[in-house]
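Asks: Hints are included, so try docking the two chains, each in its own frame, into the full complex.
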Amino acid sequence: MVREEAMAASDIFRINTPSVVHETIEGETVLLNLDSGNYYSLTETGAVALDLLAAGVPAGELAAKLGERYDGPAEAIAQAAAAFVAELQAEGLVVPGPAAGASPEVPAAGPARLPFAPPVLNKYSDMQELLLLDPIHEVDAAGWPASKPL
Amino acid sequence: MSVGSPSLVATPPQELLLRAAVMDGPAAVAAWQAWSRTVNIETDLDHGSFRLLSLVYVNLQRLRVDDPLMGRLKGIYRQAWSRNQTLFHDLAPVVERLRAAGIRTLLLKGAPLSLLHYRNNGARPMSDLDLLVPHGQARAAHDLLVAAGWTATPVLTEGLLRYDHSVPLTNAAGRELDLHWRLFHGCCAAAEDEFWEGAVPVTMAGATTLAPNVTDLLFHTVIHGMAWNPEPPIRWVADALALLRTPDAAVDWPRLLRLAERHRVSLRLRNGLEYLCGRFGAPVPPAVLTALRRRFVGHFERQEYRFLQTPLEVRKARPYLTLAYHFFVYRRLTAQGQCPLPGGFAAYLRWVLHAESNTELLCRMARRGLRVTGVRLGCRRRLAQA
Numbered sequence: 001m002v003r004e005e006a007m008a009a010s011d012i013f014r015i016n017t018p019s020v021v022h023e024t025i026e027g028e029t030v031l032l033n034l035d036s037g038n039y040y041s042l043t044e045t046g047a048v049a050l051d052l053l054a055a056g057v058p059a060g061e062l063a064a065k066l067g068e069r070y071d072g073p074a075e076a077i078a079q080a081a082a083a084f085v086a087e088l089q090a091e092g093l094v095v096p097g098p099a100a101g102a103s104p105e106v107p108a109a110g111p112a113r114l115p116f117a118p119p120v121l122n123k124y125s126d127m128q129e130l131l132l133l134d135p136i137h138e139v140d141a142a143g144w145p146a147s148k149p150l
Numbered sequence: 151m152s153v154g155s156p157s158l159v160a161t162p163p164q165e166l167l168l169r170a171a172v173m174d175g176p177a178a179v180a181a182w183q184a185w186s187r188t189v190n191i192e193t194d195l196d197h198g199s200f201r202l203l204s205l206v207y208v209n210l211q212r213l214r215v216d217d218p219l220m221g222r223l224k225g226i227y228r229q230a231w232s233r234n235q236t237l238f239h240d241l242a243p244v245v246e247r248l249r250a251a252g253i254r255t256l257l258l259k260g261a262p263l264s265l266l267h268y269r270n271n272g273a274r275p276m277s278d279l280d281l282l283v284p285h286g287q288a289r290a291a292h293d294l295l296v297a298a299g300w301t302a303t304p305v306l307t308e309g310l311l312r313y314d315h316s317v318p319l320t321n322a323a324g325r326e327l328d329l330h331w332r333l334f335h336g337c338c339a340a341a342e343d344e345f346w347e348g349a350v351p352v353t354m355a356g357a358t359t360l361a362p363n364v365t366d367l368l369f370h371t372v373i374h375g376m377a378w379n380p381e382p383p384i385r386w387v388a389d390a391l392a393l394l395r396t397p398d399a400a401v402d403w404p405r406l407l408r409l410a411e412r413h414r415v416s417l418r419l420r421n422g423l424e425y426l427c428g429r430f431g432a433p434v435p436p437a438v439l440t441a442l443r444r445r446f447v448g449h450f451e452r453q454e455y456r457f458l459q460t461p462l463e464v465r466k467a468r469p470y471l472t473l474a475y476h477f478f479v480y481r482r483l484t485a486q487g488q489c490p491l492p493g494g495f496a497a498y499l500r501w502v503l504h505a506e507s508n509t510e511l512l513c514r515m516a517r518r519g520l521r522v523t524g525v526r527l528g529c530r531r532r533l534a535q536a
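Chains as they are written, first to last, in the numbering used here: chain Z, 1 to 150; chain G, 151 to 536.
Everything labelled a hint here was simulated from the structure, so no lab data went into it. Fair warning: there could be bad hints in the mix.
Per the computed footprint, the stretches of chain Z lying under chain G, defined by three or more beta-carbons under 8 Å from a beta-carbon of chain G, are [claimed, not checked]: (1) 22-28; (2) 133-141.
Covered, in the sense of this in silico footprint (three residues per stretch, anywhere, with C-beta under 8 Å from a C-beta of chain Z), are these stretches of chain G [unchecked claim]: (3) 192-205; (4) 219-226.
A short list of chain G residues far from chain Z (calculated; beta carbon distances all over 10 Å) [what the hints assert, rightly or not]: (5) R332; (6) P404; (7) L417.
All of these numbers come straight from a predicted model, not from anything done at the bench. Quick reminder that beta carbons are idealized off the backbone N, C-alpha and C, glycines included.
So here's chain G without its partners, still in its complex pose (with noise of 0.2 Å):
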């Protein structure tokens, strides 16, 4: 499946905006006025395309852009203003109560874009915190925010650790924290040492805490965006673009080709970049996409990145695609002999399927395969009779 599937590239009219948001001088205003004449703002405007409007409130008010809508588009930028703050200074105490714990932990997604890299607290909406803290202090820090009021959910079980990657928190305030281990779905512990070494420290509220350099986080931002997401997926195309502009902080090229390798994510990022290129003219240098053209894809990385293209409900009906992205995170847990998972492959199934046995887990499988196969001939035989 090529980068240009629906499930991955924005809309006509949300790249329009994205345009509106991103690029500078005439690009810009033409982009803005042809999206203001194809949507309506009260009717037709997607969730994504909502979490964009501050950006491009900041990106017109910086080109002087005089229009009706400015007015709205303003208080959405301030309500996005004050709702990071609000969150960065409800947070902020965790931050401060996990380093006191001695739990290291380092800000992912949207804080330190917005801290470091937008250098504005409103142009970029948050909803959560998402808290990165090293595999092995997981459970440490998940026990001390229950402690401090904290709820996880789903809870954090023995299976959810060492096979996902995160776990989101509520408090009764409403705040929403996710807790990261990884630093994505599969991502093998041993790689991301590389991670934590190459750290930057970010204050957030006062609150001294560490973020992904400018590479690593361009490399997190585009391996997730690179995703299908039910919401669309048009946000991390900005960000992206933010990351490669931020004037004193230059991406470190071969470091993002070498985490791409090491992560077996090189399909993901190539696409990536080269949309990012293609639509947007991202400063990629040639050699690069070169690169990682050249490099060699093998067929279960193909297969992930099939699998994370496709809509969840699509999923289901796709049971080798499944399998096979399965296995391949599997395989990426364990890369490197680093990270030896006990039971192996089978008992990571057992966990993706809530399966009690590997009886329960074949009998789950073969229910599975059945049904899938009865539907597809059922299919077949009625297009057969029309």
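Isolated chain Z, as found in the complex (with noise of 0.2 Å):
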């Protein structure tokens, strides 16, 4: 909560480059950190909220932009907004600071709003364990990275 506070509302972060590199699949984004080995994966709201980052948008108006698109309590999504931010800076994911380049358009909201569920920033760590995993035998119809259950 903390860190939440320090935050300025002017606050724009960018991605981790070169250590981060990302890449949305299918509405998915997944994200590699090239550092700590960490593999990452956000759906639906989270990887709405970080194209809003990654394009600019200030912490502190994140909220308000994840409130154009989606339906639920202002407080609510503020909370959820502030700490995925947080998280996604303690994972060494976003860092402070405009991007170097052009930063991507900021997306447009959709024509409905969808019921808002709080970002959820899936972590796969071990790298190397990872992979080494067969991807057709080792792995269920989700694919990789998500080996067969025991």
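Replies: In structure tokens:
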């Protein structure tokens, strides 16, 4: 909470490149922290929130932007947005400051507001072990990186 | 031997998978559906086909294909993306280190294809990085890498440096790096300058280096692909098509023809391009194919082509073909008098056969010849008795 309060409303964050690489695949954003070897996955609200941050939306305005896209109590959205930014920062996925090049455009809100669900950062550690997984035989139908339950 | 030899072209299921990976619209979808009906992904998948699945995913996802296997394909794509990103990240400092030591580097094979032509870091899985350095700087590059904790297997001897084209290195983290000092086996250093002069800049995980231009990379891809390989030889087809379709990088066809002539690989290039056109509708100008068909192909170039199509275990039973191949490689190495090799062809053969002297070389060749003759006579006798 102290961290959230310390965060100025005008804080702008960028993806921590080149240590962090990311890609969005069918609405799911995957991030790889090449320094720590951790792999992350974001879906739904999390992917949208990261896109907004990467587009230069200040952390203090993130909740308002999410509120334009999702239907939910403003206070809950604000708390979830602040916690999400803090988590991204703690994992070294974003760092303060604008992107070096031109920021991507702020994604436009869709016509219909979806019910709000707090963004969830799924984390997979032990990249070396993960990379050794055979994605045909050792993972389930969802594919890598989830291994087959024993 | 024609391009139709099973050692070079894709099997029917592999061709279906290739079509699913590289074709557009209904052709790709139909190929995917036919492939998934034919092949059980859990039990029937060869390694070459597995390495194509990331590209299949990219293509099918672009075509908005809804299929129960898309989740699995997406997982394969994500793993390839993560592996490639990790490889680029871990090997970028190596490129920087070589550059700082004044050694020029040029990325070959997968890395430039991913970075410049697929423009997608997950579409083309890679297991190692192929790095070309000038022949004269290969020893220095090797020594610098060894000092940084890399191990070459086999050890980089003067013979290897003089006659071969690359050496694989690994480090404690399990990373693999192929250090090349020639573009391909037997490539003459004198004809290689053109690759360096035509190279284009590329950035890999923040490290700036060089890559072959699209024409040279197409040349290398086809030449490398048109040789027997224990792994099903299908990925080169997708790579070549990606190069031919790169929107803002047009192939310089006269340059491609010139390279084939200079490096004496017109037959390989012709058969490769004909295969790409015939089976996948590759956009190759008919005039290029006509020019290649009209080109004279000498006896030893044909023998080299036959040798390269022959599986490893069969090559041992073909002493003349093997000798003709090595003679042609030696001639190419010394082409244009730019690269005289001490000891001539005999020294080259001593290196190939690990013979200490010319006497040992002759003994080994005689033994091999007699063994093959004996086997053939024995076979004929058994056939006659049967």
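Asks: Look at each hint and say if it fits the structure.
Replies: Do the hints match the structure? See the list:
| no. | hint | result |
| --- | --- | --- |
| 1 | 22-28 | holds (count 3) |
| 2 | 133-141 | holds (count 6) |
| 3 | 192-205 | holds (count 3) |
| 4 | 219-226 | holds (count 6) |
| 5 | R332 | holds, 31 Å |
| 6 | P404 | holds, 37 Å |
| 7 | L417 | holds, 37 Å |
When the structure is compared with the earlier hints, no violation turns up for any of them.
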